[in-house]
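Peer 1: Single-letter residue listing:
Protein chains: 4
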Amino acid sequence: MKIPVGVLGATGMVGQHFVKFLQNHPQFELTWVGASDRSAGKKYRDATSWRLDGTMPETTAELTVEECKPGNAPKLVFSATDASVATEIEQAFAGAGHLVVSNSRNHRMDEDVPLLVPEVNAGHLAVAKLQKQSRGWDGQIVTNPNCSTIVLTMALGPLVQFGIQRIVVTTLQAISGAGYPGVASMDITANVVPYIGGEEEKMEIETQKILGTVNGNKIVPLAAKVSAHCNRVAVVDGHLVTASVEFANKPSLADMRNAFDTFRGKPQQLNLPSAPARPVIYMEQVDRPQPRRDVERERGMAVFVGRLRECPVFDYKFIALGHNTVRGAAGAAVLNAELMHAEGLL
Amino acid sequence: MKIPVGVLGATGMVGQHFVKFLQNHPQFELTWVGASDRSAGKKYRDATSWRLDGTMPETTAELTVEECKPGNAPKLVFSATDASVATEIEQAFAGAGHLVVSNSRNHRMDEDVPLLVPEVNAGHLAVAKLQKQSRGWDGQIVTNPNCSTIVLTMALGPLVQFGIQRIVVTTLQAISGAGYPGVASMDITANVVPYIGGEEEKMEIETQKILGTVNGNKIVPLAAKVSAHCNRVAVVDGHLVTASVEFANKPSLADMRNAFDTFRGKPQQLNLPSAPARPVIYMEQVDRPQPRRDVERERGMAVFVGRLRECPVFDYKFIALGHNTVRGAAGAAVLNAELMHAEGLL
Amino acid sequence: MKIPVGVLGATGMVGQHFVKFLQNHPQFELTWVGASDRSAGKKYRDATSWRLDGTMPETTAELTVEECKPGNAPKLVFSATDASVATEIEQAFAGAGHLVVSNSRNHRMDEDVPLLVPEVNAGHLAVAKLQKQSRGWDGQIVTNPNCSTIVLTMALGPLVQFGIQRIVVTTLQAISGAGYPGVASMDITANVVPYIGGEEEKMEIETQKILGTVNGNKIVPLAAKVSAHCNRVAVVDGHLVTASVEFANKPSLADMRNAFDTFRGKPQQLNLPSAPARPVIYMEQVDRPQPRRDVERERGMAVFVGRLRECPVFDYKFIALGHNTVRGAAGAAVLNAELMHAEGLL
Amino acid sequence: MKIPVGVLGATGMVGQHFVKFLQNHPQFELTWVGASDRSAGKKYRDATSWRLDGTMPETTAELTVEECKPGNAPKLVFSATDASVATEIEQAFAGAGHLVVSNSRNHRMDEDVPLLVPEVNAGHLAVAKLQKQSRGWDGQIVTNPNCSTIVLTMALGPLVQFGIQRIVVTTLQAISGAGYPGVASMDITANVVPYIGGEEEKMEIETQKILGTVNGNKIVPLAAKVSAHCNRVAVVDGHLVTASVEFANKPSLADMRNAFDTFRGKPQQLNLPSAPARPVIYMEQVDRPQPRRDVERERGMAVFVGRLRECPVFDYKFIALGHNTVRGAAGAAVLNAELMHAEGLL
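Residue numbers (the numbering used here), protein chains in the order written: chain A, 64 to 409; chain B, 64 to 409; chain C, 64 to 409; chain D, 64 to 409.
Hint data in this document are derived by calculation from the structure and do not stem from the laboratory.
These numbers were taken from a predicted model, which means no experiment stands behind them.
One thing to keep in mind: the hints can contain errors.
Stated by the list, open to error - Once the Cα atoms are required to be at most 30 Å apart in a straight line, the calculated BS3-like pairs of lysine-lysine come out as:
# : chain 1 : residue 1 : chain 2 : residue 2
1 : A       : K83       : D       : K83
2 : D       : K195      : C       : K288
3 : B       : K106      : A       : K288
4 : B       : K265      : A       : K313
Unchecked claim - Cβ pair distances, simulated, as ranges:
# : chain 1 : residue 1 : chain 2 : residue 2 : range
5 : A       : S315      : B       : R168      : 50 to 58 Å
6 : B       : I66       : A       : R372      : 44 to 52 Å
7 : B       : E130      : D       : S147      : 26 to 34 Å
8 : D       : S147      : A       : S315      : 25 to 33 Å
9 : D       : E174      : C       : E373      : 24 to 32 Å
Even for Gly, the Cβ is constructed at its ideal location relative to N, Cα and C.
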């Protein structure tokens, strides 16, 4: 008996990623799709221009799209709503008792909203109970970070033990991160766009929150300094980051490598359905990971690290790669919901 | 009456860039082309698979290729020879009294060889006179840096005054930097290759030498720490770098901007034919410079800087773009020769 | 004393191509720019998001944008208006006595409107005088074909003499042909889009009109059958076509080649400023022309042909390449105006 | 109990595709890998630069590479050898009693060698028995066509019944078709290479043989005329073709559509493990199939057809897409072997 789930904003690009990722999920069954008034009342098949590779899942195609209003939606809803409407919609659902597992950015930095990367900060779930108290909601909102932040924090997760002080990171981000139509081909063909609005700020502050610790009912952000340079490149899926990191206690190269190799988190302990066996996979080859060649491995749920070496400025430098629309969006949210389910929070 | 010049390694990709760049040069006339035995004796037209856009210059096409041996070559030769043979060939020419203006990496880090970016360190030419003393050569070897190093050091030139301490830089480099056939399309199409052999080391040590000062007859490298992350992206021409920089004396944002805008060097003072009017051009738009859109401006001889902003880790961060096969190779060497000509060193 | 000209729809992508192409024109001076109400009253600099490589021409940047209404516009106006409004705007200007040289598709197939490729059918200008008679206009509308049609008809121009019977053509078209934002990068990166709305029909019927003959005051379309397969590929500029052609009188291979090499038209006879010395340039290399390498040659105004060989199905097959935003749009219209100027029709 | 199989030329790019495709095959087990002397004696892991997405199958990685000589190789061997050595190697294996199922072009057009597309011409297997007679071999050589030919002939298979007379086809072929390093990125980035050596000839003559009929012991090629225009585009996997076809008996559009939809061949009747449920899948969307979006469907073994419409020159035109390294190479050969196994020929 699967748990029925819904998707808010199901016809958009992020929504489609949810629909695809939830297909054949062992615990959740997508039974409800919400979108704008314009789409409400139509079959999902007719309301949606399917933009992903392959074809639309048949069972979802036959669902009737509803308006994004609580009512007959299942208790657990994933939010893929656009930032312009997410605040209102998500609050309405949380207020009506729904568990809103959101990929939208609107509530990520709220004090009482967990910003989860389950392998890294599963304990942050604790702060969500403040929402009832501070907002009077019967439900809850739980969020996952921005796609590039997830890649970075998954790679930093194993290194927190060494006392992260400073990080300089440059991203080379895939076009799928911008949705559809998203990046114009005239902008990115044989080119780089060295700017993604709001992305650097998100990476800088979200990283501090994710790597922070729970003190009482509050998350104390990590005091590390983070500087991000964000770029769009002509890659379909997969955000690659270069990182130089300074530690309070510089580990040996072997310690670093061992930290990556032995890293496991709550999703692995709980054997969550979407959890990769190893959240961080170190690649030995001198020129890997690479987006096109590695992004689909481990169903897109692991982060690949490589090129670990001494940094002349800080302690170490390395690269990391993650699937932005899977681990960095739909897969992240589903893993969050699996964690909550395993912890009895549904 | 133009000065006759030759190109060593004229049939290769870098050699072709020299042939193209020297076309219609106001001071130099390409009268001699050298290549391997295999090509010697053939017309340049027949010995060369022209790989650049457009067609081979007609006057060069009719030249007969000679072996890369001094003899009837002009006094001034540009070296586009492959690193595997450059040491021997360049030394033979310098020993025979030629002025070898080289784009090869072989002698760049030699104590008595200037590694020139004329806007930044024209004074380094002084050390070349040691070559006669230490090596007994009648001629000289003068070099230009690696293509990505030039882009970085041109952007750093205006900032030396503030006391550069530490730099973390990530490159997004064009495929033309790897020559022909160079990067396989299976490696770079819709992909990033996060590794370029030897490139990071070159950027780190060449930058220190270029920004160094002449003390007596020696170049004292700048004591700044440099960390480079080098990546290949699917761009045809133009290396883009992201940089975070720490200074001994943090300037104001206005000082930084003013430094870029007012920067001029020897080539501008001497009004050298290939010198851009302004070596560094700051672009206001939030998402510029971009390789495909900006790389051909100023005949590829300026470096474009943008996105200057505070860095949460160091003092400032910005991006810079330069044309790797023009300012980063053939154009750089020709500008070096123009400088030497203007200074009476030919 | 240059002739003042205006551009209708000057702020859009096609309009920008006009602005760029008219820069430093020896006969025409751009003094007037028209756009929608939204832009009217602003400086061109402020009303326009410049999307082309390099920067906006300074003299145009300072012009004040006006509404697209006749009045104080110059007599000669180029139309880059969107098809959704072109009919009304162009007719208003023609009615008010303007000479409208249009790149829009709206009037191309009208009986009394010349669809010009000046090297091929300069004589078709004759039908424009019907416009006064049939429509009562003091002015005129003259058009150039769709960008892919121009490439094909320029290549077919030299072959009309052999009695073209049937043509099967497949296009590989550049993304710049779709304007901005145009083709989504998610659609075209490492992909082909095998469909361009309306393009095949345009190539099929426009080709027949262009290659037709004037009989009395009417254009009799060529009775050749044309079948087009149109595709979008990840190329920035330059439409490439493959063509198989059947003739009434099969020429020898040498005759074919000679026809391409010796082809000259009215623009060459009249030495028009934007006319390429040779409208069709045959390339000997087995793998040329290629879009990225050849499209900018001859300032984008020639068409490059290659790979002429026997066709097992028809008589001959070959490929052709032309610059879609220059020869296929702005440059085409300007050449039309130059022709009319030379013939005393301004 | 699986049948042991070997791969000749296993370390090259095509060989790697065989290794990948044979992984977890229900009938065949890869137990033997052959390559050049240089690799012989090494583990496959060490002898091979793995170029495909993901990682090398572990079981194959541990095999020891042997020289490409018959001896202890399994009876059934797949040949991925380079054309420069394939003739000699394949004949040696066939002579020694092996069944050589080859992807190489060397023997494709031999009279006594079947050129199989099992859905289309399974009956051609009959001619292979002539090999014993004419060459004295105990074994046999069976081949699959060139990758682009397979895509075309799979799409034409359902149409043979209407009497194919003439075909004009243009290909847009993926870079993976050229192996590794294959196409230089400088050649194909933001470009088209309108030439692939030997490809057009192969498409023209192989198509006639494949669609031919067995008469006695001989294959009588189809008398249809085929003209191919072959181009390389910046796509990773998937060859797309545009086709205009003339029939002896023009079918209705509904007949055409029905022919595609109902087409089934021997592999479907025999339910072969690698056979797609439907060999040809017609897509309704106006802009599909597309290489990046559709090539991986049906495990790469089906051919996708779309855009069926009237052709102004011939009867109908349409597009077709197939996976060049799966259905067009390794998968094709494995399907051939499955067919032979099912027919008791192993």
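Peer 1: The structure should be examined with respect to each hint, and the outcome stated for every one.
Peer 2: Hints, one by one, checked against the model:
Distance hint between K83 of chain A and K83 of chain D is fulfilled; the C-alpha atoms sit about 25 Å from each other, no more than 30 Å. A distance of roughly 51 Å separates the Cα atoms of K195 of chain D and K288 of chain C; the hinted pair therefore is violated under the 30 Å criterion. Note on K106 of chain B and K288 of chain A: the hinted pairing is violated, with a Cα-Cα distance of about 60 Å set against a maximum of 30 Å. Distance restraint check for K265 of chain B and K313 of chain A: the Cα-Cα separation of roughly 26 Å lies within the 30 Å cut-off, and the hinted pair is therefore satisfied.
Against the hinted window of 50 to 58 Å, the Cβ-Cβ separation of S315 of chain A and R168 of chain B comes to about 32 Å, which falls outside the hint. Checked against the hint of 44 to 52 Å, the C-beta distance between I66 of chain B and R372 of chain A comes to roughly 46 Å, which is consistent with it. Taking the beta carbon of each, E130 of chain B and S147 of chain D are about 32 Å apart, inside 26 to 34 Å as hinted. One distance hint, 25 to 33 Å for the beta-carbon pair S147 of chain D and S315 of chain A, is violated here, with the actual separation near 50 Å.
A beta carbon spacing of about 26 Å between E174 of chain D and E373 of chain C agrees with the range 24 to 32 Å that was offered as a hint.
Checked against the numbered hints above, the structure violates hints 2, 3, 5 and 8; every other hint is satisfied.
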